[in-house]
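Chains A and B, in that order, are what the protein sequence lines are. When the letters of the first sequence are read in order and numbered with my numbering, they come out as residues 1246 to 1447. When the letters of the second sequence are read in order and numbered with my numbering, they come out as residues 1246 to 1447.
Hints in this document: simulated from the structure, not taken from any laboratory. Where hints are given, some of them may not hold.
Chain copies aren't distinguished; within one or between two, either way the pair holds.
Here are the simulated lysine to any residue pairs, SDA-like style, with alpha carbons at most 25 Å apart [claimed, not checked]:
id : residue 1 : residue 2
1  : Lys1393   : Leu1266
2  : Lys1402   : Phe1247
3  : Lys1402   : Arg1278
4  : Lys1393   : Ala1271
5  : Lys1393   : Gly1267
6  : Lys1402   : Leu1378
7  : Lys1402   : Arg1276
8  : Lys1393   : Pro1326
As the structure is a prediction and not an experimental result, all values here were calculated from the model.
Protein chains: 2
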Amino acid sequence: MFSGAQVSLYPMSDAFVGIILGALDALDPWRARLRCETDDLSTLMVGPPDVLFPAMRDLFVAAARSGVHVTMHATVSRGCPGEPDDPICAPARGPVPDLPMPERVARARAAVAAAPGLGQPVAAQFSLYPLGLDSHMGEIEGCIDFLKESGTFARSKNFCTKLRGDAGPVFETLAQAFTGFGAPQGHVAMDVTLSANSPTRA
Amino acid sequence: MFSGAQVSLYPMSDAFVGIILGALDALDPWRARLRCETDDLSTLMVGPPDVLFPAMRDLFVAAARSGVHVTMHATVSRGCPGEPDDPICAPARGPVPDLPMPERVARARAAVAAAPGLGQPVAAQFSLYPLGLDSHMGEIEGCIDFLKESGTFARSKNFCTKLRGDAGPVFETLAQAFTGFGAPQGHVAMDVTLSANSPTRA
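From just these sequences and the hints, can you work out the full model?
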């Protein structure tokens, strides 16, 4: 199943080019399992979800350590019928099993509870789009049940859910939402924004 | 039908707060027809698509006129079954009619051709998500037919389409994609990023 993300990093600083280039070193441990292509708007990362989310986490945390207000946006997708499959997208843990909703919610919560902290507080908001389903709201409601007890839930907003916490569990929450909801082999997209060091109080 | 956007503006400058606050004046002509709420991640704008897109355009163009590299992200939504309707969301032009695909494509192209230029070049990329449909790819393919002859098409990317041109026709392209594809009264979401003054060559 093809999966990947279009990722953009935005440091609110005159030194934005240097901060972005410096943060890219954080992708080095992941590069053998990702295919990347950059243009003026974003970097495409093609790879399985169990590589994509930790790679995005390490990239964002590296930029946030600069201390400047930095945001990151990603359009993440799996199973798009218009994209050919790619061997680099095979998840190390194998495909996600097709389980009943309460079991999926419990597994997702356990994964977030086990995620190590990285000492970098972040805020995030995201929307999850399970596509090609008449009954997409059932998947979204199941995901919201998971989020509300995830430990990273901040609040529901119009069109999205807001998270807050350490980058470790926050990125694990995003990974679990993306892989655990929507049909296991179906088309699912995520629109996610992260922020660190904002001068605006939440 | 409830419609709105979560909008964030990102000036890549030490003076980002002043650039954002200055650009907000550009929303003044639209404020009577929008309901806005701001937190540390985004500004919610609730209103009909024929107000949302020109309001986002004027906000982004005002920020781009600063000359600094600036990007904007919006999560735009209409018809979400989880959101109550709001009288402020009624479009001035009335609801979009349910027309056959070739007619929708022709109307969307005509609207972009008629959009006045604003003298501000921008790049954009977006994904359109028609939700609650078994057959979402048919709507996406119809939208891509429109985009390829829109005059603002730059290229297809994985998970999104890239546009380039004057802010006037580019924002009209986004508005037409959002209102003309997916079920007329159905749930449709858009994930869009705009960029101006980038130091990176396309």
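Comparing the hints with the structure gives:
no., hint, result
1, Lys1393 to Leu1266, "neither (36 Å within a copy, 33 Å between copies)"
2, Lys1402 to Phe1247, "between (30 Å within a copy, 14 Å between copies)"
3, Lys1402 to Arg1278, "between (34 Å within a copy, 20 Å between copies)"
4, Lys1393 to Ala1271, "neither (31 Å within a copy, 37 Å between copies)"
5, Lys1393 to Gly1267, "neither (35 Å within a copy, 37 Å between copies)"
6, Lys1402 to Leu1378, "both (23 Å within a copy, 24 Å between copies)"
7, Lys1402 to Arg1276, "between (35 Å within a copy, 20 Å between copies)"
8, Lys1393 to Pro1326, "between (31 Å within a copy, 20 Å between copies)"
Comparing the model with each numbered hint stated earlier shows that hints 1, 4, 5 do not hold.
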